[in-house]
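Given chain A, work out where chain B should sit, using these hints.
Number of protein chains: 2
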Amino acid sequence: MRSVLLALMSCGLCWGQAADDCKTSSLNIPGAPYPCVHADRRVTFRVAAPDAQKVTVRLGGAHDMTKGQDGLWMVTIPPQVVGFHYYSIVVDGAVMADPATRTFFGSGWDNSGIEIPEPAADAAYYSARDVSHGQVSQRWYYSKVTGTWRRCYVYTPPDYESNSRSRYPVLYLLHGWGENEQGWHTQGHLDFIMDNLIAEKKAKPMIVVMDNLNAVKPGEDASLYAARGSLAQRSVAAAPAGGGRGAPGAGRGGFPTNWGGVFTDTMLTDLVPMIERTYRVAPGRENRAMAGLSMGGMQSFLTVLSNLDKFAYLGGFSGSSGGRGGFDPKTSNNGVFADPDAFNKKMKLLFLGIGSVEGPGTKNFSEELTKAGIKNAYFESPGTAHEWLTWRRCLNDFAPRLFK
Amino acid sequence: MRSVLLALMSCGLCWGQAADDCKTSSLNIPGAPYPCVHADRRVTFRVAAPDAQKVTVRLGGAHDMTKGQDGLWMVTIPPQVVGFHYYSIVVDGAVMADPATRTFFGSGWDNSGIEIPEPAADAAYYSARDVSHGQVSQRWYYSKVTGTWRRCYVYTPPDYESNSRSRYPVLYLLHGWGENEQGWHTQGHLDFIMDNLIAEKKAKPMIVVMDNLNAVKPGEDASLYAARGSLAQRSVAAAPAGGGRGAPGAGRGGFPTNWGGVFTDTMLTDLVPMIERTYRVAPGRENRAMAGLSMGGMQSFLTVLSNLDKFAYLGGFSGSSGGRGGFDPKTSNNGVFADPDAFNKKMKLLFLGIGSVEGPGTKNFSEELTKAGIKNAYFESPGTAHEWLTWRRCLNDFAPRLFK
Numbered sequence: 021m022r023s024v025l026l027a028l029m030s031c032g033l034c035w036g037q038a039a040d041d042c043k044t045s046s047l048n049i050p051g052a053p054y055p056c057v058h059a060d061r062r063v064t065f066r067v068a069a070p071d072a073q074k075v076t077v078r079l080g081g082a083h084d085m086t087k088g089q090d091g092l093w094m095v096t097i098p099p100q101v102v103g104f105h106y107y108s109i110v111v112d113g114a115v116m117a118d119p120a121t122r123t124f125f126g127s128g129w130d131n132s133g134i135e136i137p138e139p140a141a142d143a144a145y146y147s148a149r150d151v152s153h154g155q156v157s158q159r160w161y162y163s164k165v166t167g168t169w170r171r172c173y174v175y176t177p178p179d180y181e182s183n184s185r186s187r188y189p190v191l192y193l194l195h196g197w198g199e200n201e202q203g204w205h206t207q208g209h210l211d212f213i214m215d216n217l218i219a220e221k222k223a224k225p226m227i228v229v230m231d232n233l234n235a236v237k238p239g240e241d242a243s244l245y246a247a248r249g250s251l252a253q254r255s256v257a258a259a260p261a262g263g264g265r266g267a268p269g270a271g272r273g274g275f276p277t278n279w280g281g282v283f284t285d286t287m288l289t290d291l292v293p294m295i296e297r298t299y300r301v302a303p304g305r306e307n308r309a310m311a312g313l314s315m316g317g318m319q320s321f322l323t324v325l326s327n328l329d330k331f332a333y334l335g336g337f338s339g340s341s342g343g344r345g346g347f348d349p350k351t352s353n354n355g356v357f358a359d360p361d362a363f364n365k366k367m368k369l370l371f372l373g374i375g376s377v378e379g380p381g382t383k384n385f386s387e388e389l390t391k392a393g394i395k396n397a398y399f400e401s402p403g404t405a406h407e408w409l410t411w412r413r414c415l416n417d418f419a420p421r422l423f424k
Numbered sequence: 021m022r023s024v025l026l027a028l029m030s031c032g033l034c035w036g037q038a039a040d041d042c043k044t045s046s047l048n049i050p051g052a053p054y055p056c057v058h059a060d061r062r063v064t065f066r067v068a069a070p071d072a073q074k075v076t077v078r079l080g081g082a083h084d085m086t087k088g089q090d091g092l093w094m095v096t097i098p099p100q101v102v103g104f105h106y107y108s109i110v111v112d113g114a115v116m117a118d119p120a121t122r123t124f125f126g127s128g129w130d131n132s133g134i135e136i137p138e139p140a141a142d143a144a145y146y147s148a149r150d151v152s153h154g155q156v157s158q159r160w161y162y163s164k165v166t167g168t169w170r171r172c173y174v175y176t177p178p179d180y181e182s183n184s185r186s187r188y189p190v191l192y193l194l195h196g197w198g199e200n201e202q203g204w205h206t207q208g209h210l211d212f213i214m215d216n217l218i219a220e221k222k223a224k225p226m227i228v229v230m231d232n233l234n235a236v237k238p239g240e241d242a243s244l245y246a247a248r249g250s251l252a253q254r255s256v257a258a259a260p261a262g263g264g265r266g267a268p269g270a271g272r273g274g275f276p277t278n279w280g281g282v283f284t285d286t287m288l289t290d291l292v293p294m295i296e297r298t299y300r301v302a303p304g305r306e307n308r309a310m311a312g313l314s315m316g317g318m319q320s321f322l323t324v325l326s327n328l329d330k331f332a333y334l335g336g337f338s339g340s341s342g343g344r345g346g347f348d349p350k351t352s353n354n355g356v357f358a359d360p361d362a363f364n365k366k367m368k369l370l371f372l373g374i375g376s377v378e379g380p381g382t383k384n385f386s387e388e389l390t391k392a393g394i395k396n397a398y399f400e401s402p403g404t405a406h407e408w409l410t411w412r413r414c415l416n417d418f419a420p421r422l423f424k
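Protein chains in written order, with the working numbering: chain A, 21 to 424; chain B, 21 to 424.
So here's chain A without its partners, still in its complex pose (with noise of 0.2 Å):
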């Protein structure tokens, strides 16, 4: 897609051109001149909807369009913070995605996303560049747990082909809440962050493991999963009334009680097994790190802290398990924080991240760990909010730690 879009954007007279100053989305379909991103980052929105009533942008609040005399609808709206956003469009009532750019899952659904470009020094990590490539992969596998195929994706570093003999560390990555395994490299551009670290030899090269933290046993309520993983769609379905994270079964803030737990067995007892054994991987836990952002983050929190004989490394981007309630550094997370010297010397990297938009909480829980004797790294993303944005920057902080 990108290859495409950068073809569509070097051209000399795009038939796709829109107006003045306003450049064409670099998530645009090919062709497609709006939305486009003023230089000041107003966007101008165009949707082709020549009978509605009304209809609405959804990007950070409800924008209404205005019906031009071509029965073309268009809203040119205030300057948007830098990064990846979701949005959609409604038309008389329906929430759907804009036609004129691609779609990324996200809330549980196929919608819309715009990239508000950044200064291109500022996304040079998580651009294409002239080095040395590695390689995103699909793997499907069998899970014993969930009684599944499911899908990761395996991202390889360039030299991995050639160093035929190479062993290599693994990360493993989560997604957020309503998303999938896709998004690490589709949003994320993980591929190009960990293409540029390793090429400027600030990140040892690793293997990257993306798999999709939502998971249930066989015969379990798929409801379950369903709780997790598609707000947007049980209102469009007109699920009952109050939202979509109180289905049956759920427990505290509507998710299932027995939250997580399922893909701490699926990826210890299926998923790294069949890493290990497929890829030239290094063994022991002080090559296996484990992070993801927001309800990844979490997850990444409640695995490892539990098995702190398997990671030695662990992240939370805009997500851990501070967050949940008081912290108690004698008895939260099972008392694993109980003997901080015993703590500190089995835990190579604690990493908390964060976008500064996003409120204290992880500041204050990274200053309560340190004042009850726990080594952490916290790291703040400057005027992002709970977007892509904050977790390309905190991975690009995140994992030149990693496996040193």
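Worth flagging that the hints you see were computed from the coordinates, not collected in a lab.
There may be inaccurate statements among the hints.
Identical chains blur together in the list; that is why a pair holds if it fits in one copy or across any two.
Listed next, the in silico DSBU-like pairs over lysine-lysine satisfying Cα-Cα at most 35 Å (straight line) [unchecked claim]:
no., residue 1, residue 2
1, K74, K87
2, K237, K221
3, K222, K164
4, K221, K164
5, K330, K383
6, K74, K43
7, K350, K395
8, K43, K164
9, K164, K424
10, K237, K43
11, K224, K164
12, K164, K383
Okay, now just chain B, sitting in the frame of chain A:
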């Protein structure tokens, strides 16, 4: 995605269960009960569009939906042919994807897909089964011809990682008009088809490379690309009346006058050398095949018949050079067929496939070739049209004939 869907389908009491005998489509997002497919292959759709005046499903014609008291629009449409179909929803004139399904890049945009299931025995060859699985890798490469980064996908067979000394033949496989390099492994299930054929020893283990046939040179008007790639969007974007294929610079049939040439250059200059540098590829023309569907079939004929020194196997699935005007064995394709014995000696396989509903053109071409003394294989998919089930069946018939 499919792993998740298998999980959904296997649940005892699915939250997302549709009424009666209507089975949730396997391509729905998690938790979405509609669209669903009845035992007789009728399909029921449901969309939330509370304030709309008119809502229509476009799938082999337009089907008006009816608004219920709950504000949801529904319709049940007549029995559909088995296999994968693109479809869209029209809300008060706005052509959109159905938010209840995953989206698939076809007709130049991310529209909806539905799979009308076949009997399990018929679908077995493109289903995930308990066999060894290869992987599909996303690979970025820089093209000197187009001056852009391009993305391709590469299937490597199950034993590629473990047999670290083996070298493999390569099939270059193309999508059709308005699709892209993702089509064969998302809509086509290329990976499962190859896994199953290889497991049954029907096909030789091979590498399959799937690239994007849309390519323009630096500075060339990208509308040439748009003309090939975005019919739907041109209508969304209110392009000049008369449809999407009439962009400036377009030649016969709306295709650019230099149609296909830039991709052939890109492939021979950049793609093939990158693949042969990166993967353990068996050398020489007898280990190189090319095929494609529809426009990708035309492209394959164009590329291979001009480069017989580089390819020994050629396939056109619902597309070849045969449909573009009168066939004359002495002059067509620059006279490559003029000496049948020489051609038959060089070409190990010339394969033509088609859906029986698509008309007699391909069969006629096969017979004309035979009459002219050109050996060829003809495959007809019973009951299917210009759609992905035709092309899955073509691949399943074609791949076992390669490299033998």
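Now the hints, each set against the structure:
| no. | hint | result |
| --- | --- | --- |
| 1 | K74 with K87 | both (9 Å within a copy, 18 Å between copies) |
| 2 | K237 with K221 | between (42 Å within a copy, 34 Å between copies) |
| 3 | K222 with K164 | between (38 Å within a copy, 28 Å between copies) |
| 4 | K221 with K164 | between (39 Å within a copy, 27 Å between copies) |
| 5 | K330 with K383 | within (27 Å within a copy, 60 Å between copies) |
| 6 | K74 with K43 | both (26 Å within a copy, 34 Å between copies) |
| 7 | K350 with K395 | within (15 Å within a copy, 79 Å between copies) |
| 8 | K43 with K164 | between (49 Å within a copy, 25 Å between copies) |
| 9 | K164 with K424 | within (34 Å within a copy, 37 Å between copies) |
| 10 | K237 with K43 | between (47 Å within a copy, 21 Å between copies) |
| 11 | K224 with K164 | both (33 Å within a copy, 30 Å between copies) |
| 12 | K164 with K383 | neither (39 Å within a copy, 47 Å between copies) |
Consistency note: the structure conflicts with earlier hint 12 alone.
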